Amino acid sequence: MSDKTNPGHFFEDFRLGQRLVHATPRTVTEADVGLYIALTGSRFPLHCSDTFAGACGLEAAPLDDLLVFHIAFGKSVPDVSLNAVANLGYADGRFGAPVYPGDTLTTVSEVIGLKPSSGGATGVVWVRSHCVNQVDEPVVSWVRWVLVEKRDPDSLAPESVVPELPEAVPFAELQVPAGFEGAGYDCLLAGSPHLWEDYAVGERIDHRDAMTLEEAEHQLATRLYQNTARVHFDQLAAAGNRFGRRIVYGGHVISLARALSFNGLANACRIVAINGGRHVGPTFAGHTISAWSEVLDKGALPGRDDLGALRLRTVATKDRPCADFPDRAADGKPDPAVVLDLDYTVLMPRRG
Amino acid sequence: MSDKTNPGHFFEDFRLGQRLVHATPRTVTEADVGLYIALTGSRFPLHCSDTFAGACGLEAAPLDDLLVFHIAFGKSVPDVSLNAVANLGYADGRFGAPVYPGDTLTTVSEVIGLKPSSGGATGVVWVRSHCVNQVDEPVVSWVRWVLVEKRDPDSLAPESVVPELPEAVPFAELQVPAGFEGAGYDCLLAGSPHLWEDYAVGERIDHRDAMTLEEAEHQLATRLYQNTARVHFDQLAAAGNRFGRRIVYGGHVISLARALSFNGLANACRIVAINGGRHVGPTFAGHTISAWSEVLDKGALPGRDDLGALRLRTVATKDRPCADFPDRAADGKPDPAVVLDLDYTVLMPRRG
Amino acid sequence: MSDKTNPGHFFEDFRLGQRLVHATPRTVTEADVGLYIALTGSRFPLHCSDTFAGACGLEAAPLDDLLVFHIAFGKSVPDVSLNAVANLGYADGRFGAPVYPGDTLTTVSEVIGLKPSSGGATGVVWVRSHCVNQVDEPVVSWVRWVLVEKRDPDSLAPESVVPELPEAVPFAELQVPAGFEGAGYDCLLAGSPHLWEDYAVGERIDHRDAMTLEEAEHQLATRLYQNTARVHFDQLAAAGNRFGRRIVYGGHVISLARALSFNGLANACRIVAINGGRHVGPTFAGHTISAWSEVLDKGALPGRDDLGALRLRTVATKDRPCADFPDRAADGKPDPAVVLDLDYTVLMPRRG
Numbered sequence: 072m073s074d075k076t077n078p079g080h081f082f083e084d085f086r087l088g089q090r091l092v093h094a095t096p097r098t099v100t101e102a103d104v105g106l107y108i109a110l111t112g113s114r115f116p117l118h119c120s121d122t123f124a125g126a127c128g129l130e131a132a133p134l135d136d137l138l139v140f141h142i143a144f145g146k147s148v149p150d151v152s153l154n155a156v157a158n159l160g161y162a163d164g165r166f167g168a169p170v171y172p173g174d175t176l177t178t179v180s181e182v183i184g185l186k187p188s189s190g191g192a193t194g195v196v197w198v199r200s201h202c203v204n205q206v207d208e209p210v211v212s213w214v215r216w217v218l219v220e221k222r223d224p225d226s227l228a229p230e231s232v233v234p235e236l237p238e239a240v241p242f243a244e245l246q247v248p249a250g251f252e253g254a255g256y257d258c259l260l261a262g263s264p265h266l267w268e269d270y271a272v273g274e275r276i277d278h279r280d281a282m283t284l285e286e287a288e289h290q291l292a293t294r295l296y297q298n299t300a301r302v303h304f305d306q307l308a309a310a311g312n313r314f315g316r317r318i319v320y321g322g323h324v325i326s327l328a329r330a331l332s333f334n335g336l337a338n339a340c341r342i343v344a345i346n347g348g349r350h351v352g353p354t355f356a357g358h359t360i361s362a363w364s365e366v367l368d369k370g371a372l373p374g375r376d377d378l379g380a381l382r383l384r385t386v387a388t389k390d391r392p393c394a395d396f397p398d399r400a401a402d403g404k405p406d407p408a409v410v411l412d413l414d415y416t417v418l419m420p421r422r423g
Numbered sequence: 072m073s074d075k076t077n078p079g080h081f082f083e084d085f086r087l088g089q090r091l092v093h094a095t096p097r098t099v100t101e102a103d104v105g106l107y108i109a110l111t112g113s114r115f116p117l118h119c120s121d122t123f124a125g126a127c128g129l130e131a132a133p134l135d136d137l138l139v140f141h142i143a144f145g146k147s148v149p150d151v152s153l154n155a156v157a158n159l160g161y162a163d164g165r166f167g168a169p170v171y172p173g174d175t176l177t178t179v180s181e182v183i184g185l186k187p188s189s190g191g192a193t194g195v196v197w198v199r200s201h202c203v204n205q206v207d208e209p210v211v212s213w214v215r216w217v218l219v220e221k222r223d224p225d226s227l228a229p230e231s232v233v234p235e236l237p238e239a240v241p242f243a244e245l246q247v248p249a250g251f252e253g254a255g256y257d258c259l260l261a262g263s264p265h266l267w268e269d270y271a272v273g274e275r276i277d278h279r280d281a282m283t284l285e286e287a288e289h290q291l292a293t294r295l296y297q298n299t300a301r302v303h304f305d306q307l308a309a310a311g312n313r314f315g316r317r318i319v320y321g322g323h324v325i326s327l328a329r330a331l332s333f334n335g336l337a338n339a340c341r342i343v344a345i346n347g348g349r350h351v352g353p354t355f356a357g358h359t360i361s362a363w364s365e366v367l368d369k370g371a372l373p374g375r376d377d378l379g380a381l382r383l384r385t386v387a388t389k390d391r392p393c394a395d396f397p398d399r400a401a402d403g404k405p406d407p408a409v410v411l412d413l414d415y416t417v418l419m420p421r422r423g
Numbered sequence: 072m073s074d075k076t077n078p079g080h081f082f083e084d085f086r087l088g089q090r091l092v093h094a095t096p097r098t099v100t101e102a103d104v105g106l107y108i109a110l111t112g113s114r115f116p117l118h119c120s121d122t123f124a125g126a127c128g129l130e131a132a133p134l135d136d137l138l139v140f141h142i143a144f145g146k147s148v149p150d151v152s153l154n155a156v157a158n159l160g161y162a163d164g165r166f167g168a169p170v171y172p173g174d175t176l177t178t179v180s181e182v183i184g185l186k187p188s189s190g191g192a193t194g195v196v197w198v199r200s201h202c203v204n205q206v207d208e209p210v211v212s213w214v215r216w217v218l219v220e221k222r223d224p225d226s227l228a229p230e231s232v233v234p235e236l237p238e239a240v241p242f243a244e245l246q247v248p249a250g251f252e253g254a255g256y257d258c259l260l261a262g263s264p265h266l267w268e269d270y271a272v273g274e275r276i277d278h279r280d281a282m283t284l285e286e287a288e289h290q291l292a293t294r295l296y297q298n299t300a301r302v303h304f305d306q307l308a309a310a311g312n313r314f315g316r317r318i319v320y321g322g323h324v325i326s327l328a329r330a331l332s333f334n335g336l337a338n339a340c341r342i343v344a345i346n347g348g349r350h351v352g353p354t355f356a357g358h359t360i361s362a363w364s365e366v367l368d369k370g371a372l373p374g375r376d377d378l379g380a381l382r383l384r385t386v387a388t389k390d391r392p393c394a395d396f397p398d399r400a401a402d403g404k405p406d407p408a409v410v411l412d413l414d415y416t417v418l419m420p421r422r423g
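Chains as they are written, first to last, in the working numbering: chain P, 72 to 423; chain U, 72 to 423; chain V, 72 to 423.
Derived from the structure by calculation, the hints contain no laboratory data.
These numbers were taken from a predicted model, which means no experiment stands behind them.
Note that beta-carbon positions come from the ideal geometry of N, C-alpha and C, so glycine has one too.
A couple of the hints might just be wrong.
Said to hold, decoys possible - Far from chain P by the CB rule (all over 12 Å, computed), these chain V residues:
(1) Val206
(2) Val247
(3) Ile318
Said to hold, decoys possible - Examples of chain P residues lying across from chain U (beta carbon under 7 Å, computed):
(4) Ala102
(5) Cys119
(6) Ile276
As the list claims (entries may be wrong) - Covered stretches of chain P (chain V as the covering partner; in silico rule of three or more C-beta atoms under 8 Å from a C-beta of chain V):
(7) 75 to 86
(8) 92 to 101
Could you put together the complete structure from these sequences and hints?
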């Protein structure tokens with residue numbers, strides 16, 4: 072094998088405190104915005120209309136928050152998870168400055184936890200990743216942990232260090248984009264009269280619509296994010312795995328669930344935190360994705376009566392409508408149709 | 072079911088004169104232009120080249136007219152046709168100001184006709200939709216009528232009001248974009264020497280080329296237009312319908328037929344009216360679309376010797392080449408391969 | 072058949088010295104850049120980041136060189152190869168001015184060779200094509216030759232004229248984009264420490280990753296380039312050909328191979344010449360493309376110590392990993408899995 076090819080990092084290659092500067096810096100453009108609409112059908116007006124965003128005090132329509140996350144995340148794949156057996160979870164995701172077409176995004180990660188598996192052939196790696204724009208403003212940061220193969224199962228294992236992670240980003244630490252004013256938000260154009268006051272903790276919403284996955288679509292999305300995990304692209308190799316299929320990038324399912332959630336959560340205008348998330352099961356081309364959401368918590372924001380925060384849980388299923396909110400069974404095991412369980416926080420305009 | 076989810080309007084929900092403001096305002100961009108080329112293969116130079124458009128007196132290449140129509144139309148779907156059993160027809164479509172990247176489009180519809188079906192379970196709704204740009208200039212308006220389900224088959228039916236619709240937009244009422252001059256139109260770069268004078272009423276043209284539909288492609292197109300009709304996206308639900316398949320958005324077939332018509336109608340540089348149109352049959356992924364056109368009428372434009380109008384009929388088929396112009400049989404029934412019968416009017420440069 | 076439809080040129084229609092001005096001039100945009108990333112997964116930083124390109128002395132990120140080539144090439148198809156039986160080869164491809172979003176590309180071809188086939192029913196046509204931007208700067212030129220059908224097998228054949236073509240574009244004639252400075256190139260952000268000095272003639276690199284072809288993806292790519300060859304789009308017609316399948320545009324395979332080559336050749340930052348290339352075998356949706364490369368030659372550039380040239384050969388295969396560098400057998404015949412054999416020259420930063 073050539074010494075010039077990147078085989079990805081194995082568990083032994085990670086060191087606590089290690090800093091990984093990820094390739095490739097990326098100038099995001101209106102093309103990302105348009106492709107994201109074409110790939111997900113998202114209709115949140117703040118991300119679709121410069122005039123709508125302008126009325127809310129922003130300079131233009133910022134990129135969809137999840138689009139930013141996927142591009143930021145994709146950069147970390149070649150250095151963090153090329154040899155990952157599994158993506159175990161996300162936590163403490165925080166969105167900062169809005170991202171506009173023309174901004175250039177770069178991601179750096181730091182290793183914050185390591186834990187050899189008991190079997191010896193793998194280990195868990197925790198990284199905190201930071202994505203910044205061209206003037207070094209943080210646009211999104213998050214923690215994720217992955218189960219990574221060892222190069223040599225007999226190599227010496229490092230001491231276990233497991234980071235403490237918050238259950239959720241506190242409402243008081245959420246960042247409202249500079250200049251953003253809920254007063255300018257037009258519910259009529261947004262397509263829904265339901266504002267922050269109208270949602271109750273514990274309320275559940277079936278998003279009704281559904282979307283069938285296609286190979287070409289998830290591949291286009293995942294390549295757009297320059298995510299290089301081969302399980303998404305290489306059917307020849309996939310034919311030999313336990314599924315026999317290319318696995319859809321979990322982030323694509325997150326984006327579909329968020330786009331579907333427009334029907335019921337149209338005014339959830341900005342994602343400000345990803346508190347946690349699990350890809351409960353794999354999805355493949357041909358699966359039809361549905362989604363429902365639950366209001367986990369709601370809170371005011373310090374000093375603001377124009378916007379409030381909702382902590383949401385959005386559950387996505389495959390080949391299973393969500394009218395009856397498929398969830399965990401009595402034994403705590405998720406319904407076999409559930410593929411995603413995402414805990415995140417959004418901003419929503421208040422009546423003021 | 073949550074009260075926050077939009078179930079779509081049923082027949083009882085429509086009132087004569089009712090005004091529906093549609094979500095989501097949309098800033099169109101170069102991404103829409105590029106995706107439209109990728110999805111249709113359209114080659115009309117006015118929509119592909121800023122220098123070509125500039126030579127014709129326009130500030131830049133305007134968006135393809137059908138791209139504008141589909142985006143404008145898509146907005147009306149959640150409020151008008153989410154519970155439609157069938158899209159029955161279009162009429163009186165009029166194109167106004169050209170749309171450029173950066174413009175923001177909003178659509179409003181007015182209910183102009185209602186007719187309960189004899190069976191009682193459905194009714195026909197006519198709406199006139201108006202799409203405007205960010206400075207409130209009309210960019211396209213049209214009438215369409217749809218067969219919509221009743222929520223309650225026993226509900227009281229309104230009095231029938233059926234609007235009168237013109238057979239075609241009169242040539243004298245067609246709008247030429249401000250500043251547009253046929254004199255600057257370069258036939259050599261456009262790829263065809265055939266101008267307005269060269270087309271005869273009754274002339275038929277087989278467009279020769281053909282395009283096979285893919286699920287990923289029609290879904291990408293339909294989501295780009297933020298058209299939410301679930302029949303296009305949800306295979307799980309479609310498996311239970313009479314076709315067992317996702318139905319391709321009829322507008323995608325219109326766009327493919329128009330793109331194919333470049334071979335024979337390259338200088339039909341701008342659509343100025345959609346006089347009428349019927350989706351004669353459904354299409355599915357795997358169908359190969361071919362098209363032929365007939366010149367229905369031609370006319371001069373008041374005060375202009377640089378441009379003329381052609382009223383065209385373009386017929387699209389599935390899995391059937393068009394060298395012999397498949398059409399209605401002697402009994403008036405369309406050839407079973409015909410899927411689209413579109414009556415529209417274009418501008419074409421004159422020799423002057 | 073209508074006289075308004077372009078049936079494509081047959082062998083008899085070509086004359087030595089004939090000049091073909093191709094439709095449609097095309098303003099390239101950020102949409103082309105974004106779609107190209109989504110279609111290929113390319114990660115070369117010079118084409119992805121305005122800040123990275125700016126640090127190297129360019130005004131912005133130029134379009135990927137192959138994207139420019141495909142758009143330029145697509146224009147020539149309706150006039151050169153609509154009736155081609157086979158694309159026989161490329162030679163003497165030279166890249167000139169970088170192309171930026173907003174530039175408008177036009178292609179003109181000249182017939183430089185003709186050779187009737189011995190059988191009589193076909194002939195080989197050589198054309199040199201030139202693509203220029205809106206201020207008439209050459210952006211790319213190349214020679215290709217195609218086997219074209221005769222309209223009438225008994226028509227008189229012209230005298231054979233076979234052009235002399237260079238084996239490779241000499242290093243001294245390669246064009247470095249104005250202002251481009253290797254000194255500003257950041258290897259850390261590019262994701263690879265390997266520079267021009269580190270590559271040895273004869274070195275071979277397996278690019279490891281692989282990409283499975285989908286109908287929707289190759290069709291989107293080929294339509295984006297406005298390449299109208301019906302073999303890529305028309306399954307109804309393809310069902311009757313010897314493969315029974317739509318054939319993937321060879322240029323899409325070139326782009327995938329180049330994108331895959333990032334893993335091992337990340338700093339091959341600009342293609343400056345296409346010396347030769349053969350589509351050794353057809354590819355279809357479902358095939359998984361892998362690639363490996365060999366350094367054929369390396370050379371300094373006159374007066375520059377910041378950049379060097381590498382002449383590369385990239386071989387792509389279908390359904391066959393490249394860890395053992397599949398190539399020609401002892402009898403000179405290519406491995407049956409090989410689909411592409413491309414000889415090209417890149418710029419790469421030097422240590423200086």
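For each hint, the structure was consulted:
1. Val206: holds, 23 Å
2. Val247: holds, 22 Å
3. Ile318: holds, 17 Å
4. Ala102: holds, 5 Å
5. Cys119: holds, 5 Å
6. Ile276: holds, 4 Å
7. 75 to 86: holds (count 4)
8. 92 to 101: With 9 residues closer than 8 Å to chain V, the segment 92 to 101 of chain P meets the three-residue bar; holds.
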